[in-house]
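Asks: Whole structure, please, built from the sequences with the hints as guidance.
Read top to bottom, the protein sequences are chains A and B. Under the working numbering, think of the first position of the first sequence as 1, with each following residue one higher. Under the working numbering, think of the first position of the second sequence as 1001, with each following residue one higher.
Derived by calculation from the structure, the hints in this document are not laboratory data.
Distance windows between CB atoms, simulated: (1) B:1177 <-> A:95: 45 to 55 Å; (2) A:95 <-> B:1086: 33 to 43 Å; (3) B:1165 <-> A:47: 45 to 55 Å; (4) B:1183 <-> A:185: 44 to 54 Å; (5) B:1134 <-> A:260: 40 to 50 Å; (6) B:1057 <-> A:95: 41 to 51 Å; (7) B:1120 <-> A:246: 20 to 30 Å; (8) B:1194 <-> A:260: 25 to 35 Å; (9) A:49 <-> B:1183: 49 to 59 Å; (10) B:1124 <-> A:246: 23 to 33 Å; (11) B:1041 <-> A:38: 47 to 57 Å; (12) A:26 <-> B:1061: 13 to 23 Å; (13) A:38 <-> B:1134: 19 to 29 Å; (14) B:1177 <-> A:177: 56 to 66 Å.
None of the values given here were measured: they were computed from a predicted structure. Beta carbons are placed, not taken as given, at the ideal position from N, Cα and C, and that holds for glycine.
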Amino acid sequence: MDVALSKNGARALRVFFALIVAFLYAPIVILLVFSFNDSDIPAFPLSGFTLRWYHDFLVNADLRAALQRSAVIAAATSVGAVVLGVLASVALARRRFRGKAAVAALLLSPLVIPYVVFGISLLLLFHTIGIANGLPTVVIGHIVITLPYTILVLVPRLEQIDASLEEAAYDLGAGRLRTFRSITLPLILPAVVSAFLIAFTTSFDEYAVASFVVGTSPTFPIYLYSALRFPSQLPQVIAVAVVVLVVSLLLVASAELGRRIAERRTPLGDVF
Amino acid sequence: MPLAWLGVFFVAPIAIVAAYSFDVFTLFPGPHGFTISGWRSVVDNHVYLRLFWKSVEMSLIVSVLIVLLAYPVAYYLALSGTKRKYILLLLLIAPFLTSYLLRVLAWKVILGSQGVVNTFLFWTGIRSPDDPVTQLLYSRFAVILVLGYIWLPFVALPIFVSLESLDRRLLEAASDLGASRLRSFWAITLPLSLPGVVAAFFFVFVPTLGEFVTPSLVGGASGYMYGNQIVDLFGAGFPDWETGSVLALFLIGVVVVLTVVFSRFLQPQQVAAD
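Replies: Pasting the structure below:
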């Protein structure tokens, strides 16, 4: 006998689970269907198959420029956030210092700040010290909000690594930097990669903070947001949406697959 | 260095907001100095407070509703003994890892008065085209539905983690001692998974409380939230940075209090799991 679930209970929960998954994926499927629909407005009845919308967005220069901007911002953000995240995580995991709890709380506090408030604060800061808004200001904001995610990924990994490996390196005469480069970094590399990916995807998709400090050249989410207000562009935007959603779902699936393969290969894998 | 970064670009900006809220800085040049008049006018003005409570109410509905929906899902994954639980968990969470705006877009397409649901109803003859279901989009309902849709996969995660770490031997012992499954659930499973439930609730309630993107896209007038008010006070129309700063600081204050109250339930590792 199963102590957690009766047979009927398990069956009911399985149905419930399927319903929830259907609810989560139905909107995505509906977008997929209408991205091929040959009509200016997404509405029933369906009126024939077309690839027109995909073609439209591929030749839309504004949209491509926005995608490019977001990619640049996301790349700069993830590098900055990972560098700062590694520094902070090593300090949190390896060093002992006074006020550590307070430091940790400050480092993680961007997790809970409402983005609307943070966006406005940045706007006021740049306004007060006279920096023009633009891509660099977005990167600055995005590094702040992605930093805690990198720390949350890196610290547990650092804590799993035996600190005596690093001590051994010191004993053998290696300096701080050398030890970090040849011992610590290779060992935390998987976590560094996932921190990088999390920062990249968060930044790429971030609208709220960016909307306050982006200036005049829109990033991809900001372009999307304004396109949502003009129905004439809707079918194109739906086509973009499908591409982005499918690509990100594939990325998630392949990251998981890659992790499973890596887990089988390295003995350290099972501690993830 | 990370601290310096946060000091300059996180703490300092908030301090500047505080300065604006006390009129130490102002948008327009002119005589100014430290004053609490901005705060007083907000407290006296019931419009803002009422809007705040409305947002609290909406966020509460969203968070409670989806925690209730996510619990059975997480329970199924963690305790039914299915072998594919991690793949199913990934299936559940994957939508959360895709674009936020695009998932809002999907609902805009579905709910509009000329949208998928309505035209489907016209097409099948259930409703006449002159009489679309207009409450679907630009309403409080739409905001709650879309926010729930967006956060549902995410809340399942901490609940799943806490249920997964549950020691099944406790349930076996209870069963040996003659407790029914329902009784074991109330006496063992639920209390032990409570930290996960509370964490899930917190991580939805806090961001939805300050939400402004979803309400501005699908909320219309009746779905207008506190976050929208803050944005509008800094907007192009009639900027009032002093009042806006007061509202923003107030929201931070609320979030800080909530974080302190909930902090004993929050284990950062649970977030890291995603």
